[in-house]
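K.L.:
Need the complex rebuilt from these two chains, each delivered in its own frame; the hints are there to steer you.
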Amino acid sequence: MIKLNELTKVYRTDEIESTALNAVSFEISKGEFVSVMGPSGCGKSTLLNILGMLDKPESGSYQFLGEEVAHLNEKKRSEIRKKNIGFIFQNFNLIDELTVFENIEIPLLYNNVPASERKQRVNELLEKIGIAHRASHFPQQLSGGQQQRVAVARALITKPPLILADEPTGNLDSSHGNEVMELMCELNEAGTTIVMVTHSSHDASYSGRIINLLDGQVVSEKKNKLVQPAI
Amino acid sequence: MIKNYIKVAFRSLNKNKIYAIINILGLALGLTVTILVFLFVKDETSYEKHWSGYERIYRTGIKADLMGQKMNAPVSPSPMANAFRTEFTDVETATRIRTVNQEIMVSHEETKVYIQKGVYADSTFFKVFDYEFVHGDAMTALNEDNAIVLTEESANKLFGDKNALGGVVRYDDRRDYIVKGIVKEPKGHAHFQFDMFMANNNIRNVWMSNNNYTYVKLKEGADFNSFQAEMRRNFMKKIEPDVERFMKITVEEFLAQGNAFEYQLMPVKDIHLHSKQDWEIAQNGNIMYIYVFMGIAILVILIAGINFMNLSTARSGKRAKEVGVRKVTGASRKMLIVQFLTESVIQSFIALFLAFILVELFLPGFNNIMETNISLFNDHLGTTIVFALIVTIIYGLFAGSYPAFFLSAFQPIAVLKGDLTKTKGGTLLRKGLVITQFTASTILIIGMIIIFNQISYMHNKDIGFSGEQVIVVPLQTDAMTQNFRNYKDIFLKNPKVESVTRASYYPGDTPNQNQFVMEGSEEQLPLWNMEVDYDYFKTMGIELVEGRKFEREKESDSIVYCILNETAVKSFNIENAVGKRIGDINPNGDVRYGTIIGIVKDFHIEGFNQPIRPMILSINNNVWFASFKISSDDMNATISYIEEEWNKLEPSHPFRYTFLDQKFGALIKQQENFGTMFLFLTILAIIISAMGLYGLASYTAAQKTKEIGIRKVLGASVPRIMTMLTKDFIKLVLVANIFAWPITYLLAKNWLSNFSYQIDMPVLPYIFATLLALLIALITVSFQAYQAAVSDPVSALKYE
Numbered sequence: 011m012i013k014l015n016e017l018t019k020v021y022r023t024d025e026i027e028s029t030a031l032n033a034v035s036f037e038i039s040k041g042e043f044v045s046v047m048g049p050s051g052c053g054k055s056t057l058l059n060i061l062g063m064l065d066k067p068e069s070g071s072y073q074f075l076g077e078e079v080a081h082l083n084e085k086k087r088s089e090i091r092k093k094n095i096g097f098i099f100q101n102f103n104l105i106d107e108l109t110v111f112e113n114i115e116i117p118l119l120y121n122n123v124p125a126s127e128r129k130q131r132v133n134e135l136l137e138k139i140g141i142a143h144r145a146s147h148f149p150q151q152l153s154g155g156q157q158q159r160v161a162v163a164r165a166l167i168t169k170p171p172l173i174l175a176d177e178p179t180g181n182l183d184s185s186h187g188n189e190v191m192e193l194m195c196e197l198n199e200a201g202t203t204i205v206m207v208t209h210s211s212h213d214a215s216y217s218g219r220i221i222n223l224l225d226g227q228v229v230s231e232k233k234n235k236l237v238q239p240a241i
Numbered sequence: 150m151i152k153n154y155i156k157v158a159f160r161s162l163n164k165n166k167i168y169a170i171i172n173i174l175g176l177a178l179g180l181t182v183t184i185l186v187f188l189f190v191k192d193e194t195s196y197e198k199h200w201s202g203y204e205r206i207y208r209t210g211i212k213a214d215l216m217g218q219k220m221n222a223p224v225s226p227s228p229m230a231n232a233f234r235t236e237f238t239d240v241e242t243a244t245r246i247r248t249v250n251q252e253i254m255v256s257h258e259e260t261k262v263y264i265q266k267g268v269y270a271d272s273t274f275f276k277v278f279d280y281e282f283v284h285g286d287a288m289t290a291l292n293e294d295n296a297i298v299l300t301e302e303s304a305n306k307l308f309g310d311k312n313a314l315g316g317v318v319r320y321d322d323r324r325d326y327i328v329k330g331i332v333k334e335p336k337g338h339a340h341f342q343f344d345m346f347m348a349n350n351n352i353r354n355v356w357m358s359n360n361n362y363t364y365v366k367l368k369e370g371a372d373f374n375s376f377q378a379e380m381r382r383n384f385m386k387k388i389e390p391d392v393e394r395f396m397k398i399t400v401e402e403f404l405a406q407g408n409a410f411e412y413q414l415m416p417v418k419d420i421h422l423h424s425k426q427d428w429e430i431a432q433n434g435n436i437m438y439i440y441v442f443m444g445i446a447i448l449v450i451l452i453a454g455i456n457f458m459n460l461s462t463a464r465s466g467k468r469a470k471e472v473g474v475r476k477v478t479g480a481s482r483k484m485l486i487v488q489f490l491t492e493s494v495i496q497s498f499i500a501l502f503l504a505f506i507l508v509e510l511f512l513p514g515f516n517n518i519m520e521t522n523i524s525l526f527n528d529h530l531g532t533t534i535v536f537a538l539i540v541t542i543i544y545g546l547f548a549g550s551y552p553a554f555f556l557s558a559f560q561p562i563a564v565l566k567g568d569l570t571k572t573k574g575g576t577l578l579r580k581g582l583v584i585t586q587f588t589a590s591t592i593l594i595i596g597m598i599i600i601f602n603q604i605s606y607m608h609n610k611d612i613g614f615s616g617e618q619v620i621v622v623p624l625q626t627d628a629m630t631q632n633f634r635n636y637k638d639i640f641l642k643n644p645k646v647e648s649v650t651r652a653s654y655y656p657g658d659t660p661n662q663n664q665f666v667m668e669g670s671e672e673q674l675p676l677w678n679m680e681v682d683y684d685y686f687k688t689m690g691i692e693l694v695e696g697r698k699f700e701r702e703k704e705s706d707s708i709v710y711c712i713l714n715e716t717a718v719k720s721f722n723i724e725n726a727v728g729k730r731i732g733d734i735n736p737n738g739d740v741r742y743g744t745i746i747g748i749v750k751d752f753h754i755e756g757f758n759q760p761i762r763p764m765i766l767s768i769n770n771n772v773w774f775a776s777f778k779i780s781s782d783d784m785n786a787t788i789s790y791i792e793e794e795w796n797k798l799e800p801s802h803p804f805r806y807t808f809l810d811q812k813f814g815a816l817i818k819q820q821e822n823f824g825t826m827f828l829f830l831t832i833l834a835i836i837i838s839a840m841g842l843y844g845l846a847s848y849t850a851a852q853k854t855k856e857i858g859i860r861k862v863l864g865a866s867v868p869r870i871m872t873m874l875t876k877d878f879i880k881l882v883l884v885a886n887i888f889a890w891p892i893t894y895l896l897a898k899n900w901l902s903n904f905s906y907q908i909d910m911p912v913l914p915y916i917f918a919t920l921l922a923l924l925i926a927l928i929t930v931s932f933q934a935y936q937a938a939v940s941d942p943v944s945a946l947k948y949e
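As given, the protein sequences belong to chains A and B, one line each in that order. One gets my numbering by counting positions in the first sequence from 1 and adding 10 to each. One gets my numbering by counting positions in the second sequence from 1 and adding 149 to each.
Chain B on its own, in the form it takes in the complex (with noise of 0.2 Å):
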């Protein structure tokens, strides 16, 4: 029986050949975007997983509002992983790590190279990242000061072949460690990637500089609530003194003040896709995108349905026939109901085939857009396709039911006796599900649109500075740092080295926030605190408001001079600011004293997501990032020029350089990576769904030959035949994008939230997707119109 079904199944699809493509490709291509979605969430929900007791590590932070400057960061003092681990019965161990921002020169005998990402760890690093290690023993390598773990990579640039284990390591020119470990990258994604750990377990006990990252690792079976509020009880009494000698004032006065300040747990597995702030240790994921994305498929795999539901009923005319036949020679209901489902069930497994193929396909893309790196034949992959196996078979009895039980209720006696070729039934929810179809296509068009509108607002928006031709190269050696200022004038010999300078930060780095205090006053201002050089403001380009820039001649080396930004000025009220004095509270509480000399212009140096904060920059000579600003023409031969003159300077070092632009505009790569996938999965939804109309127009003329035969012998031109044949498509489309506006504006909404810079709610987007559908379906439906228009009456007429 069911040998006879499949057999009508696909001799069926083989006599309905653009029916079954539009069926079978639709889903297929719903099926790769579902495929895709699931691989990809399946991908950002796997951060962590591989720790043991993922579930009990916590990475501590700091939530504070400081004179109405929110700050929200995982970051921590260098005492609290210690305090966790004796004071607390319920901690099973903890770590403090610090990264070190730049690359770092390593040397092992003549061996040189650059290391990406270091951080300096406590010895329990590994007890709770549970890395594996090939050599050495977890727990105790990081016990010495002069230890240092290695991944496999590392100490393959390193050593070569050789067992790096008990090698020595030169870190920067400066002192030397022992390879106490050599550990495999870990098996999953994490929020951080270390490519080498040094030992630092030495305790600076302020509690009130953050400076580190701490990770605790609870016993099992203790009660996260409990610990936590012990937590912030424990530490509120140690930062007390701290704040006492620091701001002058106790904890209960600094909290009376309006100010707020609260030692935060958020769980390690949550971090890629739910933490979004500042000082991260590396850009995290996004948990809207997953969000989107699961819509996406959701939205996809729904036009792809509807079309088979469409296209099924609209042509259950010429199944007719065959369910009468069935009928009359003792097919009951709930046979024909079945033989119907196994058809599309059929086609859906056809199309789950053809979806594995195209997955395998767009996974480069994917993967190359979302800068991941999935693949399809990895650990999940039986997970893969037992869910791709659930989606396609609900998929088939869902989409299949509607006609299924439509068809199967067909009176046998009408339809065999050829009064029922055409059915009336069911004209009402294929309307229906026209609109759903538009609704979420339109959807997606407006909020393609809106997205790209935001991602050209962060491109034109006026950032503040101009990162063009500006190169910016880490100095390695005290040396150098020394006397840099004196070296300038090397570089500019040069006429296309337009200007040097230096800065401790740069756009796309998250700088310092220290405390700062106006003589006179006894508010502590927290700002955002840069270091920079000369000509900074030229190099950068960033403009001057009030005062005056540094300027060598006119300062004296015993004078702090200090230029703030407008939002310092305006967030702090400070009046008149040029030419008075403002301190910088160090730990112990002693202030230093600097002259304001300006106000600059804002400029922005995180990403869009977050507002511009109150900055402070000084000058001086202590400064590790040179930056130079270059002409447009013959800029490698500059380079080139800047390179030979800096290794003579610095020999020890090979010459490293990044160009500022970029490392602003990696900020917002990642919208603009979402962007891209969004826009060809809406290409791709719109595909469907023109593949669903197109299907649907041609059995509706299909339906109407009868009609537009007897029209046109009446005298009925082409045109009227079209606008009769258009008209019914047009009017559910108009329908659809009633009920796609409200949600688009609504999902807009809450998408454009996530940037502190945001464009306004544009109306152009709204009418312009309008506008595209209609034009998508006049152009599918008028193709089958015409056909139909100019179709020769008699042969029609005949055909009745």
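Isolated chain A (complex conformation) (with noise of 0.2 Å):
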């Protein structure tokens, strides 16, 4: 699904010049679900908005479904971005002004689905994640668990075969934490690709392969044995 070779970013402000990524190449299976690992500043977030598409890499190949988009312009890679990835951030990033309900349907509306399908499809997710009951509420009224699910019910709702998430724990205590890593591992199961970035080793450990990243290079990968892929 995923093949990066050599990738490159460079961060250039008027005095310093940094190296976020150094020739970084690695693949990612259909289904599998790969935990990126790495002290502050090893270059994890770059590397998932390069994945993501939200940036371009300096030089260097990247190929997303058998199709090269390392220096494809915003327009295209936002059509890519819409049909194909779904984004889980540490701090959830839920739009204050809306319901749970209706930040879910945002990437339907951006997809152009039509009105009723939108309904039936938001709450059917909400039912499976168990947040129907708070539909019509605001993020603030919910706790950060919560968010947290609403934010993953939001990545979800058009189906995306790539789930990037950044630090989905990051901002919750472990029993909400272990919630939603439970969420991510039934999506994994159920056939999506999940990439995460995390700093913790106990959410690293319900993926089924870790990245660890150094300035900017890989400096090892490692099969987990706990969890298996699935097929």
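Since the hints were derived computationally from the structure, they do not count as laboratory data. Treat each hint with caution, since some may be false.
[Claimed, not checked] Part of the chain A face toward chain B, derived, beta carbon under 7 Å:
#1 Ser88
#2 Ile90
#3 Ile116
[As the list claims (entries may be wrong)] The calculated PhoX-like cross-link candidates involving lysine-lysine, where the alpha carbons are at most 20 Å apart (straight line), are:
#4 B:Lys166 / B:Lys156
#5 B:Lys580 / B:Lys853
#6 B:Lys483 / A:Lys85
#7 B:Lys880 / B:Lys853
#8 A:Lys129 / B:Lys156
#9 B:Lys261 / B:Lys797
#10 A:Lys129 / B:Lys152
#11 B:Lys418 / B:Lys336
#12 A:Lys86 / B:Lys853
#13 A:Lys93 / B:Lys880
Where a beta carbon is used, it is the ideal one built from N, C-alpha and C, also for glycine.
P.N.:
If you want it as structure tokens, here you go:
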């Protein structure tokens, strides 16, 4: 599904040039659950942004579903993104002015899904993640765990083949964190590919493979024994 | 999708109430001003447009320079209209009118009423000005010499419910007219408003006496320029014999002496806004007010628009996350731009709705101040709504475009990671906008002060006479006029009546201008000519400079005695005037000489937009306006006394009076009204500006919460922090003043040039306005700054 080859990203300000990713190469197959780990500043988030086509690499190749996307323009990237990728963030990033239902609905709006179908799909998903009773609440009225579940639901609503998660449990206590991780596992079992950036080895233990980054380079990769990736 | 935008827009407004109030109320006020100005301009430019073929109707006038005295007047001689009708192929028809400058008592059987505006008109009047006839025939109504046409209102006053057509109207107990027509009030405004039309088809074949107003209606397709040229050629020939008889020189010689004389045509539709001449039928409007008010409307809308842009970008941090999320979930930049534009248009429409309510609330006050009669719900409501919608949409798109492009350009990764809760971008533009805003406000403040300086100058200027406690009473009968001098003692018996006199004109009127000549000289002197009775200068408080006043015991009835004003002596270099003889040239060229016995100090008779003219006052018994100077205590009783005595002397006509100071005050009333309206609009503009600044300051303070926290932890005092927060705004206000000063200087100079008597350009208003702008900025900003400065540093730091 994802194939990176010699991918490099450099950040420049007036005075400093810093290499966030240095010739990173790896592949992720469909249905995998991969964790990316490493210390602060190692390039994890940059990698995730490039994978999510929110950012462009400096050089190297990025093939997504067999198509070279590294240097596509914003419009094309946006097209691919909205059809194939769901995002989950550490700080949830729900829109405060919209209800739970409306937040989950947004991606469908941008994909021009008709209203009746939107309603049906959002309600189904709300049932599934267990917050149907909160549908008309605003984000501030929910607990952190609930907010993150809404964010997960929003990422899932378009049934994207790939979910990118950036420290999804970072702002949650451990019990809420586990709930979210279990939700992710269920998704993975249902066939969704997941790439998750995390600090937490506990969270990483849910995934099938761990990629370790240091100073913008892949330093190690290991298969996780505990959980088998879905086929 | 749009539904989602609208939902977000409303919820976002609801969450940020202060922001919403500033934006929407500011814009609502801006739109209110714009709609009011639109209605005003629409009303002011609607004059004469209800006459059919109004584009082809012209009023004639003369433009002359006689002995260095410039004259611009819409008047014309008696035979002109007939000449137009008979000698010009381009003319469809022409009409001539002569106005009556005082109210007229008319009666029918036992009913006596005063009619305010009477006019003598020839038979073609209603062919040029197509009043709607309720009864009678417009084409023939004024054909006969005893014909009179009444407006419905006048007919109603005289005849009640009876049909007035064919009825007899007795004019001032002198002659009878037969009602030949009843007309409706015209549907629109005109530069005249008449209540009664009396037929006058007699032509006095004198071209040099201009006592009429002539209107000519051209045929369709006629070329104006060639017509005007033809008219000048033709009429300059007509005037020749008169000039020769009257001035004893040929037209060529007359022009060769440095004089100028030309007939003019003015489109009737331009009269209201563009004609500011002597002897206008009524006071016209002023195009300057339209420009000024339109300018203010644009400034106010600009100020409100800047508020919107500033606040939207300043609080962009709050929307950044939303932009990020929407982008990540598939929104393109275009979609986001559409979303933010939708939001600004929605706010604009809420504002528009409020604006219509505010317009309806403000209109009575506006009408009161501007002496207009504008209503929102008139025939033009559709146009007004379309105009307001267009302004609203343009505003929404214009004000919304910058924030829309600004916000939609955010990089989702950055904002979603929370790196960009405050955005540096747009700071410079924001500063530029605040400067623009304060420049606009400062221009208005300085302008307002200068306008009020000029108005107060006109109020306090020595006008050369004292109109206080002087009442003017028109004489109505010949008998009263002939015997008035003998009746004076009756009034003076009351010790509170200080003096009694008569004059043909009073300040507030425009006297006739006649040609005079000094004995032994050929030069013709155009002088304003007033006839007065004894005690005129005493009653009016006019000071004598040289010679003596009119004194009955020193004068013989067979000699004409005259007094000049200082301007006459100065303008025509008359040396040792007292004792010399000056002659009045009548239309057949005869001169009647009188003796100059004195010179009086100049006094104003017209408003301050006209210079004082050379003037001659002569003693005469045949004068129709009496005036009484009365003591200030118990004036009502004194007036009652005068009324009682007057009614005994002239029982046929009910007693009427006006206060002289009110009559003269009416001349600057228009300027005062303008000043008052300017004041209100300026205050509105300042309020909107201050609201925007308040909003901006609050966001700046919010952005700097962390910095303030750190500084406080490190020991900064509250005043230090307040200084830090206010300093930048003060700088902007000062820069704005640098722009505002020269702009205002030019505008004010232009405005002041409207007045013949004007204040020197003062410096103080500029300094005062700068201080006021600083004060307003300081108060608004420091309120926010104080709150930020006293906040708890711990919570500020945790917040990050």
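K.L.:
All hints, please: hold or fail.
P.N.:
So, going through the hints one by one against the coordinates:
Annotation: interface hint on Ser88 of chain A holds; nearest CB of chain B at approximately 5 Å, less than 7 Å. Restraint check, Ile90 of chain A versus chain B: the minimum CB separation of about 10 Å is more than 7 Å; hint violated. Because the smallest distance between the Cβ of Ile116 of chain A and any Cβ of chain B comes to about 5 Å, under 7 Å, the interface hint for this residue holds. The straight-line distance between the Cα atoms of Lys166 of chain B and Lys156 of chain B is roughly 16 Å, inside the 20 Å bound, and the hint therefore holds.
This hinted pair checks out: Lys580 of chain B and Lys853 of chain B have alpha carbons roughly 17 Å apart, not beyond 20 Å. Taking the CA atoms of Lys483 of chain B and Lys85 of chain A, the gap is near 10 Å; set against the 20 Å cutoff, the hint holds. For the hint linking Lys880 of chain B to Lys853 of chain B, the alpha-carbon distance of about 18 Å falls within 20 Å, and the restraint holds. Taking the CA atoms of Lys129 of chain A and Lys156 of chain B, the gap is near 16 Å; set against the 20 Å cutoff, the hint holds.
Pair hint Lys261 of chain B plus Lys797 of chain B holds up; C-alpha atoms about 17 Å apart against a cutoff of 20 Å. Simply put, Lys129 of chain A and Lys152 of chain B have alpha-carbon atoms about 14 Å apart, close enough for the 20 Å limit, and the pair holds. For the hint linking Lys418 of chain B to Lys336 of chain B, the alpha-carbon distance of about 15 Å falls within 20 Å, and the restraint holds. Using a Cα cut-off of 20 Å, the hinted pair Lys86 of chain A and Lys853 of chain B is violated, with the two alpha carbons roughly 38 Å apart.
Taking the CA atoms of Lys93 of chain A and Lys880 of chain B, the gap is about 51 Å. The hint is violated against a cut of 20 Å.
Of the hints listed earlier, those the structure fails to meet are numbers 2, 12, 13, in rising order.
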